[in-house]
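So the chains spell out like this:
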Amino acid sequence: MSPELLNSLAIFALAILVGFEVISKVPATLHTPLMSGANSIHGIVLVGAMLIAADANDPLGYLLAFVAMVFGAMNVVGGYVVTDRMLQMFRKKPVAAKATAGPEGAAGSAGAPGA
Amino acid sequence: MSQEWITTIAYLAWLVGAACFVLGLHQMNSPATARDGNRLSASGMAIAVVATLGWLVLRPGGLSAAAWIVIVVGFAIGGGAGLYAARNVKMTAMPQLVSLFNAVGGGAAALVATSDFIRLSSTGADLSTTIFVVLGAVIGSITFSGSLIAGGKLQGLIAGKPIQVPGGRAVTMAIAVVALLGTVALVLGSAGTLSLNGGAAVLVLAVVVAAGLVFGVTMVLPIGGADMPVVISLLNSFTGTAAAMAGFVIQNPVLIISGALVGASGGILTKLMADAMNRSVINIIAGGFGGAEGTMAAVSGAGGSVREISADDAAIQLAYAQHVIVVPGYGLAVAQAQHQVRELAELLESRGVDVKYAIHPVAGRMPGHMNVLLAEANVPYPQLKEMEEINPEFDRADVALVVGANDVTNPAARRPGSPVSGMPILDVDHAKSIIVIKRSMGRGYAGIDNELYTDPKTGMLFADAKDGLQSLVAAVKAV
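Chains as they are written, first to last, in the working numbering: chain A, 9 to 123; chain B, 2 to 480.
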């Protein structure tokens, strides 16, 4: 095996170990967003699609690179945006939101018997 | 700038991108930092993509006009479609969208590997490249078709119940053998043992890819809809691995690092998800839910009478209760009734009723899906209780209000012999009284009847989750 390949294999092995360690005890609540976040990261194949587009030299090559670009870009852009939308829901609610909602409900029940 | 400098800078930018992925993923372990983590990861992606484009433009020869068009137009179309879908998808349909994004990611990895092989085929690819090409193409095509099927099941385009492939295991085995033979032929060809010219090698690779696509379909079809989250997570891990293999083919470090990262962390996440559902990954893949159809028939035959209840009766029970536990399920998500459930809960609280929400780990369609939906409706986070925490409380709950939840409340899961056996459930049947809002007696994802509905303590309020909750709100106000 070439030295480059051996280097790549070393990088690969270490990255796998990092991947095992980086996910620790995750609350079930975050399982879906975390999966979605990891899903966006493998959109890095977009870089691969760019590289094969640059190296393409016949119509078939360009066609395959084009489809790969479309797929990869969809994975990256859609993946990050949808993950952000999910995580947006976890932001801390301002306390005021609950304070205004409370009296409304109370007023509703107080006014109801007359209706 | 010399060429060496440009390459060095691009390489360092890729490393920075990979570091952002690692740190971002780690931050996503906790709700407080998760959003920042995702943004950090997105910045890493932007850095990697921009660095790649810069390197391609500045390297000798630059980018041809055709390559520019492919890159720019391809990115615009794919990115635009992804952006549109991600912005406009309903919260309820999010899991299948993630599955779709996973599918295209796997497809892209397979295409990158295949395309590079075709380009090299005229001169003949060396042995190690061939091995990585085949691995990338096979894994990528399995995730492509498998994720599409998984998404289709969640979307309801394909029946959620396990579908037995005609011939079943034999067909799957035959496909695996074809893929294996093709792989061996390609490897021997590149090693020079077998004489394969360029065209023939590409043809064999096409057969291997086709086998991978069929394998993805036959692998996911027999798995029941309730297990889809775990399957999607597993396929997500596969896509990461496929991206890493593509990285070996085109010798790019950022693909190798990121792919391996996702492959490994996705694997861990799959195990965590399966553990939360008390299932083993092997069991799910090997047969999934309800492998034995005989038991399903037996369970569904054991029907009893159902007691129907009016909104007014239900409202009186709720209004004079002390402890109410709301059990939201997929029906609530589909009807977009999260705001109505919050309104009812606030109304009850204003009357001094203690209201809590029991969130099953897979309520909705995916782990955490229900939390997201309720958070969207401004339900206070402390009221959301996870399964282990809430289950002991059902014993002292006066009323359990089940809104569109089915399989996760089925007491049949406590006994062996049912398709849901062993699945952790909410102990809704321990409550003093149970009200179920449901459109019909239709079955849940596991495809079996729910014994909870025939429990003498249970009153069924047949309505769409939104309409049912609205009439309950009106009735409680009138009490």
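These are computed hints drawn from the structure, not numbers from a lab. No experiment lies behind these values; they were computed from the predicted model shown. One or more of the hints may lead you astray.
To be verified - Partner residues are not named here, just some residues of chain B that face chain A (Cβ under 8 Å, in silico):
| no. | residue |
| --- | --- |
| 1 | Leu59 |
| 2 | Val71 |
| 3 | Met95 |
| 4 | Asn103 |
| 5 | Leu204 |
| 6 | Val205 |
| 7 | Val208 |
| 8 | Gly241 |
| 9 | Val263 |
| 10 | Ala265 |
| 11 | His370 |
| 12 | Val373 |
Glycine included, each C-beta is placed from N, C-alpha and C at the ideal position.
Each hint tested on the structure:
no.: 1; hint: Leu59; verdict: violated (12 Å)
no.: 2; hint: Val71; verdict: holds (4 Å)
no.: 3; hint: Met95; verdict: holds (6 Å)
no.: 4; hint: Asn103; verdict: holds (5 Å)
no.: 5; hint: Leu204; verdict: violated (13 Å)
no.: 6; hint: Val205; verdict: violated (17 Å)
no.: 7; hint: Val208; verdict: violated (17 Å)
no.: 8; hint: Gly241; verdict: holds (5 Å)
no.: 9; hint: Val263; verdict: holds (5 Å)
no.: 10; hint: Ala265; verdict: holds (3 Å)
no.: 11; hint: His370; verdict: holds (6 Å)
no.: 12; hint: Val373; verdict: holds (5 Å)
Consistency note: the structure conflicts with the earlier hints numbered 1, 5, 6 and 7.
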